[in-house]
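Participant: Residues per chain are reported as follows:
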Amino acid sequence: DAGVIQSPRHEVTEMGQEVTLRCKPISGHNSLFWYRQTMMRGLELLIYFNNNVPIDDSGMPEDRFSAKMPNASFSTLKIQPSEPRDSAVYFCASSLAPPGGYTFGSGTRLTVV
Amino acid sequence: GDSVTQMEGPVTLSEEAFLTINCTYTATGYPSLFWYVQYPGEGLQLLLKATKADDKGSNKGFEATYRKETTSFHLEKGSVQVSDSAVYFCALRMDGSNYKLTFGKGTLLTVNP
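Which chain is which? The protein sequence lines are A and B, in order.
Using the numbering used here, you'd call the opening residue of the first sequence number 1 and step up by one each time.
Using the numbering used here, you'd call the opening residue of the second sequence number 1 and step up by one each time.
For lysine to aspartate or glutamate, the following DMTMM-like pairs were computed, each having C-alpha atoms within a straight-line distance of at most 20 Å: (1) A:Lys-78 to A:Glu-44; (2) B:Lys-77 to B:Asp-54; (3) B:Lys-105 to B:Glu-76; (4) B:Lys-105 to A:Glu-44; (5) A:Lys-24 to B:Glu-42; (6) B:Lys-105 to A:Asp-86; (7) B:Lys-77 to B:Asp-55; (8) A:Lys-78 to A:Glu-11; (9) B:Lys-77 to B:Glu-63.
With beta-carbon atoms standing in for the labels, derived distance ranges: (10) B:Pro-10 to A:Ser-27: 31 to 39 Å; (11) A:Ser-66 to B:Thr-12: 38 to 46 Å; (12) A:Thr-20 to B:Asp-54: 41 to 49 Å; (13) A:Pro-54 to B:Ser-83: 37 to 45 Å.
Listed below are several chain A residues computed to face chain B (Cβ distance under 8 Å; list not exhaustive): (14) Phe-33; (15) Leu-45; (16) Tyr-102; (17) Gly-105.
In case anyone wonders, no lab produced these hints; they're calculated from the structure.
Positions of the beta carbon are idealized from the N, C-alpha and C atoms, including for glycine.
In isolation and in its complexed conformation, chain A is listed as follows:
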């Protein structure tokens, strides 16, 4: 298995532009998570899907952020409009029901200038 695949690896965009981050989870995993990592705040859970349904989006910072999972093999995280404070590394992770742990992707480093 190729693991959790995220794209792009790096994204540089101007303030106000729309940004879309993509994730392909491990085949057969039924849970998908989007995390944001910054030096100041560490790892923050943004949203959690189970069987393609959003279960907990309480970590989504504001309406500028949205996430979708149209099928079991694909998810997107969109920021519109982007702001410099959104600069961070965004990780996608997938898992099967417990007792397993998560498998993380390599992340997307987003820089908003």
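Using the hints, position chain B against chain A.
Facilitator: Quick look at chain B alone, frame taken from chain A:
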């Protein structure tokens, strides 16, 4: 709410030194506990886990024991190597309908030759 507290880094050791990274947790029930490792430029990888009190997780020479009485899950290694240089995250998960992981802020370990 549930939370994880890790010792603040950075931790700098010489090769073959003994490593301890402290982790304590606060949870309303009995969580599963995890250690994840993040190498530079990569996503997090599961290092070890324990699902109930007194369990010992171990992998690659690292160990951690789930101590319910002290609500702790300290990470130890008897002899570190330069290749162990990374950021280490302690995490907990309350199993149920929501399988999200709650992470500590991470501890940067640097091992010098």
